[in-house]
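Protein chains in written order, with the numbering used here: chain A, 1 to 407; chain G, 1 to 408.
Because the hints were derived from the structure by calculation, they are not lab data.
C-beta: ideal position from N, C-alpha, C; glycine also.
Please note that a few of the clues may not be correct.
If the Cβ cut is set under 8 Å, some of the chain A residues that face chain G in the computed set are [said to hold, decoys possible]: (1) 162; (2) 169; (3) 172; (4) 179; (5) 187; (6) 189; (7) 220; (8) 330.
Pulled from the structure, derived: some chain G residues nowhere near chain A, Cβ distances all over 10 Å [stated by the list, open to error]: (9) 85; (10) 256; (11) 361; (12) 367.
Residues per chain, in single letters:
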Amino acid sequence: MSIEKQNYFTRFNVAQRIEHLLLVISFTLLAVTGLVQKYNTAWISEVLIDGFGGIELTRIIHRIAATVLMLECIYHAVYVGYKMYVLKEKASIVPSIKDGKDAIQVFLYNLGFSKHHPKMPRYNFAEKAEYWAMIWGTLIMGITGYILWNPILSASILPGEIIPASKAAHGMEAVLASVAILIWHFYNVHLKRFNKSMFNGQLSREEMEEEHALELEEIENSPKLLRPTDEEIRKRQKIFYPVSAFLSVILFVGVYGFVLGEQTAITTLPQSPVRLNVFSPQTPSPIPTRKPTPTPLPSPTLPPQAAQTKPVVATSLPVAGAVTWDGEIGKLFSSKCVACHGQMGGLDVSTYAGTLKGGSKGAGIVPKDAKAGTIISYMEKGGHAGTFSPEELEKVRAWISAGAAEK
Amino acid sequence: MRGGTELIGSELLNGANMKVTRCQFRVPIICYILLFPVLICALFLTVQPAFAEATQPGGPVPQKPDNSACLGCHGQPEMTSKFPDGTLVSISVDKVDYEKSVHANLSCQVCHTNLSGYPHPKNSASNPRDYTMQYKDSCKTCHPTQSSQLNDSVHARSLQTGDKNSATCADCHEPHKATKIKKDAQGKISDEDHAKIAEVCARCHNTIYQQYAKSVHGKGIVIDKNPDVPACTDCHGVHTIQDPTLNKFRLGSPDMCGKCHSDWRVMGKYGISTNVLNTYVADFHGTTVKIFEKTHPDEETNKAVCYDCHGVHDIRSVDDPQKGISIKQNMLAACQRCHPDANLNFPDSWLSHYIPSPTKYPIVFYVNLFYNILVPSVLGGMAIFVLTDIYRRIFRKNEETHPAGGLK
Numbered sequence: 001m002s003i004e005k006q007n008y009f010t011r012f013n014v015a016q017r018i019e020h021l022l023l024v025i026s027f028t029l030l031a032v033t034g035l036v037q038k039y040n041t042a043w044i045s046e047v048l049i050d051g052f053g054g055i056e057l058t059r060i061i062h063r064i065a066a067t068v069l070m071l072e073c074i075y076h077a078v079y080v081g082y083k084m085y086v087l088k089e090k091a092s093i094v095p096s097i098k099d100g101k102d103a104i105q106v107f108l109y110n111l112g113f114s115k116h117h118p119k120m121p122r123y124n125f126a127e128k129a130e131y132w133a134m135i136w137g138t139l140i141m142g143i144t145g146y147i148l149w150n151p152i153l154s155a156s157i158l159p160g161e162i163i164p165a166s167k168a169a170h171g172m173e174a175v176l177a178s179v180a181i182l183i184w185h186f187y188n189v190h191l192k193r194f195n196k197s198m199f200n201g202q203l204s205r206e207e208m209e210e211e212h213a214l215e216l217e218e219i220e221n222s223p224k225l226l227r228p229t230d231e232e233i234r235k236r237q238k239i240f241y242p243v244s245a246f247l248s249v250i251l252f253v254g255v256y257g258f259v260l261g262e263q264t265a266i267t268t269l270p271q272s273p274v275r276l277n278v279f280s281p282q283t284p285s286p287i288p289t290r291k292p293t294p295t296p297l298p299s300p301t302l303p304p305q306a307a308q309t310k311p312v313v314a315t316s317l318p319v320a321g322a323v324t325w326d327g328e329i330g331k332l333f334s335s336k337c338v339a340c341h342g343q344m345g346g347l348d349v350s351t352y353a354g355t356l357k358g359g360s361k362g363a364g365i366v367p368k369d370a371k372a373g374t375i376i377s378y379m380e381k382g383g384h385a386g387t388f389s390p391e392e393l394e395k396v397r398a399w400i401s402a403g404a405a406e407k
Numbered sequence: 001m002r003g004g005t006e007l008i009g010s011e012l013l014n015g016a017n018m019k020v021t022r023c024q025f026r027v028p029i030i031c032y033i034l035l036f037p038v039l040i041c042a043l044f045l046t047v048q049p050a051f052a053e054a055t056q057p058g059g060p061v062p063q064k065p066d067n068s069a070c071l072g073c074h075g076q077p078e079m080t081s082k083f084p085d086g087t088l089v090s091i092s093v094d095k096v097d098y099e100k101s102v103h104a105n106l107s108c109q110v111c112h113t114n115l116s117g118y119p120h121p122k123n124s125a126s127n128p129r130d131y132t133m134q135y136k137d138s139c140k141t142c143h144p145t146q147s148s149q150l151n152d153s154v155h156a157r158s159l160q161t162g163d164k165n166s167a168t169c170a171d172c173h174e175p176h177k178a179t180k181i182k183k184d185a186q187g188k189i190s191d192e193d194h195a196k197i198a199e200v201c202a203r204c205h206n207t208i209y210q211q212y213a214k215s216v217h218g219k220g221i222v223i224d225k226n227p228d229v230p231a232c233t234d235c236h237g238v239h240t241i242q243d244p245t246l247n248k249f250r251l252g253s254p255d256m257c258g259k260c261h262s263d264w265r266v267m268g269k270y271g272i273s274t275n276v277l278n279t280y281v282a283d284f285h286g287t288t289v290k291i292f293e294k295t296h297p298d299e300e301t302n303k304a305v306c307y308d309c310h311g312v313h314d315i316r317s318v319d320d321p322q323k324g325i326s327i328k329q330n331m332l333a334a335c336q337r338c339h340p341d342a343n344l345n346f347p348d349s350w351l352s353h354y355i356p357s358p359t360k361y362p363i364v365f366y367v368n369l370f371y372n373i374l375v376p377s378v379l380g381g382m383a384i385f386v387l388t389d390i391y392r393r394i395f396r397k398n399e400e401t402h403p404a405g406g407l408k
């Protein structure tokens, strides 16, 4: 290998790049579908929630993305385990004192207080910080997410307060992670220089010199990296495969429990269709009914109030004129009866002829027969709305008996 | 009338006589001034026989119609009529009540258009309800706004589906007795009339009324006539009453309760927290309901609203020893309606409208505190670091010497 002339260095293999892609998709979906819930009153959240098809669908997308991330985490653990145990690769992501020193030195160098930019290893302090922040964040989000996803199971072991506490932590951690990605990750790998290693897997010599000078030196100075023999690998694989399979199964079961452990919190029971007895009228108060009165009693049967307000009914007319229709009787009829039995149809007692003729039930009066005719019979029966006083009735009877003269 | 106007005219023309004539005609002038807008209104509203009759051009005060013909019979108490189905109903109208009522200036036939003459024309109604229904549109002529509001209401809708028990105008507003509803300048109904509202609804919704009367709100109305507590219409509306089983009503209900419960002027009197709505909205249930209200107001959500925990018409004080939900067992029972497996720890997952503090829900308080420190520290640290890098790349571009070999 003519190392001196090599200008590009493989940094990430295809599997790692696919892993990163899965992480990008699941993280972004989680962040967007989660933050719109935390900041649900913002207009942009409304637009996005609507875009996802409503809050319930937003939450389903959130949970699917969470499941993808959890499965990806299991894969990552197995992958890292294989590299560490079977291939015996250097744990290049583990932080060391040097990373702290590098960070300080870069900081001072940026400000001009240090003339030397440190030579940094395969994973520099910025990358290690991001990786471990990711591990920390995923753990917190996983635990609090589990509690929020399965609140009833959680509350059966832990105090109930752990649920709102988890919600607080889940939301704040989300803000921390998302903004950290924007500030730290986007700046470091996209803005200050577009790092394409996650897309094409390679870094240029210049990038290597700036960010991973130590790794570059190692590659160039000891070209033959120690790789275990095939026999050693096979031997370790015999142990690694069953152990990792066993642990993976446990983790898969864990994810299964996470996702499907509890359904009531997600769906809850349907609202019980409590149909109120909507129409339940009060018992109506008894209707005041007229008591049958055998004889036509004068108005004192009416309550005094009604009597006052209906002086027409209550008072007797002053007797004036001869006992004829044109004299007294017609006036009596007009004052007491014509209000209803006038020109309105049916019985009409506003005229002498109408009174004789009567209504649908026969003649109103029959001259000389004070017992016939509907008017007298109605008055005697009582219960009619308008009534003659006994004196008036007597007068009418007398008039009829005398021949019911018109003039 | 003509004489009066002529005198006003001569008064204006003849200043010398003014003093005398004014003294003589003060009362009519005031009356005409008062009457003028009424007449103008009447001109615009001539379609309404009521007003036309009330402002006959002969007199300064609206003349009462002559209803004596009808009241001659119907003014007597104990008048009854039997419907073909055998129901006996009172057909009496109390004249005194009628003349005190808001309709005193209407003649009977303004509404009872089908009842001219005696004997009355035969009516097709076979029972009292059918008879009432014949008049359901009578009020529209003079009360078009209320009538169209009613047409959008649950009462009108259930009538359209054939439920003849649905309320029409006259079921709430007894037309022969209804007096003017007293309102203040802002249109707020008087305390006295406000306290009567529930009794009106109780005529048909008695089961609900019985629950309501025992509730913390109902007691305030029934016992104290307290205008601060809601009567039926404060939550359900007046004429535009909507079906409360609709999703829209459910989703809007937190704001409905919040209208009073976020108002410190009302809640302050009773020492009730005004944070109930914002703490609800901050929680999972409230957040979801508010989102639904904004994005899908007609869709169903099973997340709890105020009345799922507090009760609907039978809302008790949270301290009520039997049903109050400040007692954990009662709260658990409320939780279990939707989360049947919940145990006694579970109610604590709801912060009971409290804002977490070191004494109330300390775990939540300290988690928040931790993150309120952690988030700005971490992000701030990152930002500072990034800024120094930007600074170097922009302002110290030319100084880049790196003997250590890290940078070119």
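Outcome of the hint check:
1. 162: For residue 162 of chain A, the interface hint holds, since the closest Cβ of chain G sits about 7 Å away, which is under 8 Å.
2. 169: With a minimum Cβ separation of about 5 Å from chain G (threshold 8 Å), the hint on residue 169 of chain A holds.
3. 172: Status holds, d = 3 Å.
4. 179: Given a least distance of 5 Å, the restraint on residue 179 of chain A holds.
5. 187: At 5 Å from the nearest chain G Cβ, residue 187 of chain A passes the 8 Å test, so the hint holds.
6. 189: violated, 12 Å
7. 220: Violated. Min distance 12 Å.
8. 330: violated, 18 Å
9. 85: With a cut-off of 10 Å, residue 85 of chain G remains clear of chain A, as the shortest Cβ separation is near 15 Å.
10. 256: Since the minimum Cβ distance to chain A is about 18 Å, residue 256 of chain G lies beyond 10 Å and the statement holds.
11. 361: Residue 361 of chain G not clear of chain A: closest Cβ-Cβ about 6 Å, inside 10 Å.
12. 367: violated, 5 Å
In summary, the structure is inconsistent with hints 6, 7, 8, 11, 12 from the numbered list given earlier, while agreeing with the others.
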